[in-house]
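The listed protein sequences correspond, in order, to chains E and R.
For the first sequence, my numbering assigns the number 5 to the initial residue and increments by one for each residue that follows.
For the second sequence, my numbering assigns the number 5 to the initial residue and increments by one for each residue that follows.
Read the hints as simulated data drawn from the structure, not as lab findings.
All values reported here derive from a predicted model rather than from experimental measurement.
Treat the hints with care, as some may be off.
[To be verified] Straight-line distance between alpha carbons at most 27 Å, and here's what the computed DSSO-like set of lysine-lysine pairs gives: (1) R:K216 x R:K325; (2) R:K383 x E:K185; (3) R:K381 x E:K381; (4) E:K383 x R:K381; (5) R:K381 x E:K185; (6) E:K229 x E:K288; (7) E:K325 x E:K240; (8) R:K240 x E:K240; (9) R:K383 x E:K383; (10) E:K383 x R:K216; (11) R:K187 x E:K383; (12) E:K381 x R:K216.
There are 2 protein chains.
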Amino acid sequence: MGVKVELAAHTVDTFPPSPPRTVGNSHAGTDDEQEEEDNTPPTPPEERLDQLLKSYTLPPQSTPTQVLAEDLKTPDHRVNRDPRLIRLTGVHPFNVEPPLTELYDEGFLTSENLHYVRNHGSVPHCTDDESLDWTFAVDGLVEKPFTITVRDLIETCDQFTYPVTLVCAGNRRKEQNVVRKSKGFSWGAAGLSTALWTGVPIGALLRMAKPKSAAKYVCFEGADKLPNGYYGTSVKLNWCLDENRGIMVAHKMNGQPLHPDHGKPVRIIIPGQIGGRSVKWLKKITVTAEPSDNWYHIYDNRVLPTTVSPDASVNLPDVWKDERYAIYDLNVNSAICYPRHDERLLLATAPETYKVRGYAYGGGGKRITRVEVTLNKGKSWLLADIHYPEDDYRRAPDGDTLYGGSTDMWWRETSFCWCFWEMSIPVADLGAADDIMIRAMDEGMMVQPRDMYWSVLGMMNNPWFRVVVHKDQGSLRFEHPTQPALMPGGWMERVK
Amino acid sequence: MGVKVELAAHTVDTFPPSPPRTVGNSHAGTDDEQEEEDNTPPTPPEERLDQLLKSYTLPPQSTPTQVLAEDLKTPDHRVNRDPRLIRLTGVHPFNVEPPLTELYDEGFLTSENLHYVRNHGSVPHCTDDESLDWTFAVDGLVEKPFTITVRDLIETCDQFTYPVTLVCAGNRRKEQNVVRKSKGFSWGAAGLSTALWTGVPIGALLRMAKPKSAAKYVCFEGADKLPNGYYGTSVKLNWCLDENRGIMVAHKMNGQPLHPDHGKPVRIIIPGQIGGRSVKWLKKITVTAEPSDNWYHIYDNRVLPTTVSPDASVNLPDVWKDERYAIYDLNVNSAICYPRHDERLLLATAPETYKVRGYAYGGGGKRITRVEVTLNKGKSWLLADIHYPEDDYRRAPDGDTLYGGSTDMWWRETSFCWCFWEMSIPVADLGAADDIMIRAMDEGMMVQPRDMYWSVLGMMNNPWFRVVVHKDQGSLRFEHPTQPALMPGGWMERVK
């Protein structure tokens, strides 16, 4: 788990409680927190003192990494990586998730080492020396198009820092592939990670460019040149202009310049939406009247109707282009992290209760309001405890800074991150059960479905997560549904 | 179905595409559409001409109503009503839904006659003469509290008109009550209706009052005095300040002053949230740091964990007060309207195909992206056609007026209303099926669950809607799950 810091106490008497459009005391480009105090009196109202002194978690230290042997023969031969990451698409391109247990053990924030990576091709090359001179354009249906360097982004714009959980739309896809092969590769349940991102709200850049009246969408394009062109996608202009959504052009991850796999030197971060919209190695922000016509916008990150087969989909360009099937907000999902896959519990020495634990997340800013556990296949449910570590950031006073950006959370009630749930269960009850299944519900009272919604790209897989309980030789052995990539194991392969 | 009107063609060149905070050419207090044209040139860009000439549907005519005999002995003895409405809680208080078929047949917009009603007690009395002098307060954690008359609301504030579907959180509750009695009365599937509402964005009033820094919630209180005080509830301040959400203080419904059952003379309208937050007969808008402590805010409109029984709930005040269980955004839901309950299809004279039809809605502005139909209990699904009549309003040019308010839809991509779906199915296939089941999915890729989430108040019931197909004597007979109130009928009563 990460380091905890105590926050200085400030008074909070700024109006409005709706998002600040500009923040006066952010410290662009500095890494020190609270370098300059603001001028408000240091004595907070007594009733808030206790609240303001709460602490938040900082990221775990990254362990040293190096260029791995298997990367030497690829175009990514300059990129340092962590050998624990599990490769999902062979050696290259680099698509990886961490081991689920190690991800969970890092806690709320994920180090850059273990953060999942979704690369479509090789990593665009940008040295430390080149980073600040990297440019991207803001153009299209705007009155004042401009090109800006990363240096100017940092030095001339107000900076913000807040935690965001990124999730690949393919998280848990392996389960779909076991049922029926989809067009996507096999993510386990660790295709998500949370980091502290520092950057500039995209609304600030768009307002500088002044979108024209016909403007409705914002297209992003990266520097990663692929067989079907540069990777690109779009979201709605209204979302970009809405501070509540927190869409950001980010240049730091966990207080450091971006790692090459995470978009060095600059990328988009979209809380609550699938990772595929958070374009890395950003080169263009283009305002348009229509959604992006980029190949990857149309033929990736969609949930087609379940009846469309992979074969049939080839001849259905109009179905692919139907924006109703494009995925933006995440759907509700959850997984059991402990007991982990193949964990054994010796009954002779086991404590009376076992703490079942895992994560859950909602989409589009929606919070998880309950996680329920069943030991009898859904006939009855038990209510787990939920913990939202991101709430600690909301207790940071307005104007507090972290990694050179204001901690922009105090006014937000929307959720940007995953949460953790746990439940202590008598070991005797676990021993009497065939399986442990969980489901989460969001604040819109939408609950994870019992059954899988299989689709041609295998995305947004979110049925109840099921861990099977085996009894053998005086112990309980737990089995997860799948293992990521081509790794064997998991009850789904046995029952298919 | 309602009347269609042709819109005048305007150019649309106003910036921003994000919501206009003020609109210059609204015509407060007038009922005439387009009474004054704005000054923009009448020739639209050619490529938009076709789009701008599209028409939208106006409300169906209300048929004459009168005070009904059964109301004469109640405190509502002055209120005109439609005898077709089905009473759900005896004679008084007045809680009614229309017959599902008649509701569907009215089309996108519902007349005030057939609009569902949820009253907790007797209707506060307000004559036509008193309406304009009715006052409500804007107070609490604000710098400038004020009291305003309905007259001033109409004459001094910018007015808007748009369609909103209101849905009772208890819609479809009868299904829950058949499985296990909840604490709520038995709504069928017609606890929802759509009207054109005219009024003032609540954000405008709140900005006039200037909320203080600790402000986080907005409480509403009506004039309906009940056993546990005046009816009241709260929503978040950020939502009220967000123009995308469209929360309105309304004084007209379908172009007429509000009917007594619908809040005469003034009420709250909250698109995308449950009807229980749209307080009628508005007397107070109070800004607070905490959610409302009104009895009805705490002990109504909640989805408690499914394990809490009605008996146990009595001793769980902390569970009731847990805001995680309060319902704001609606969840995804849908129903089959045709075939209607007990409809018969003579096979000898039936056409080759039958058009199965119904409604669907999402919550919190989310659109329905697909409705799927299964004739084999979910083994395979068919994709229905979806139609969103509210989109016609988006084609009205910016500044166009209706019932004295700007048609404030052109910039909105969020959904405020129900949609309609249909699918032509070979009669032979219907005859071969045991049942017709449907499920809808929203743009967050959340799908209606197969199984009911029973809860102590029986709210937000949204499992797949199932109509049973009976074959007898050369005909098909269709059976809905339930009939509203204490009306017998429906397959759920037979199989319980």
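Results for each hint:
Distance hint between K216 (chain R) and K325 (chain R) is fulfilled; the C-alpha atoms sit about 25 Å from each other, no more than 27 Å. For a cut-off of 27 Å, the pair hint linking K383 (chain R) to K185 (chain E) stands: about 18 Å separates their Cα positions. Of the pairs offered as hints, the one joining K381 (chain R) and K381 (chain E) holds, with about 19 Å between alpha carbons and a cut-off of 27 Å not exceeded. Of the supplied pair hints, the one linking K383 (chain E) and K381 (chain R) holds, its CA atoms being roughly 20 Å apart against a limit of 27 Å.
Simply put, K381 (chain R) and K185 (chain E) have alpha-carbon atoms about 23 Å apart, close enough for the 27 Å limit, and the pair holds. Annotation: proposed proximity of K229 (chain E) to K288 (chain E) holds, straight-line Cα distance about 13 Å (limit 27 Å). With a C-alpha separation of about 16 Å, the suggested pairing of K325 (chain E) with K240 (chain E) holds against the 27 Å cut-off. Restraint check for K240 (chain R) and K240 (chain E): satisfied, since their Cα atoms lie roughly 24 Å apart, inside the 27 Å limit.
Restraint check for K383 (chain R) and K383 (chain E): satisfied, since their Cα atoms lie roughly 22 Å apart, inside the 27 Å limit. Our distance criterion of 27 Å between C-alpha atoms is broken by K383 (chain E) and K216 (chain R), whose separation comes to about 48 Å. Annotation: proposed proximity of K187 (chain R) to K383 (chain E) holds, straight-line Cα distance about 21 Å (limit 27 Å). Proximity of K381 (chain E) to K216 (chain R) is assessed by CA-CA distance (about 50 Å); at most 27 Å being required, the pair is judged violated.
Of the numbered hints listed earlier, those contradicted by the structure are 10, 12.
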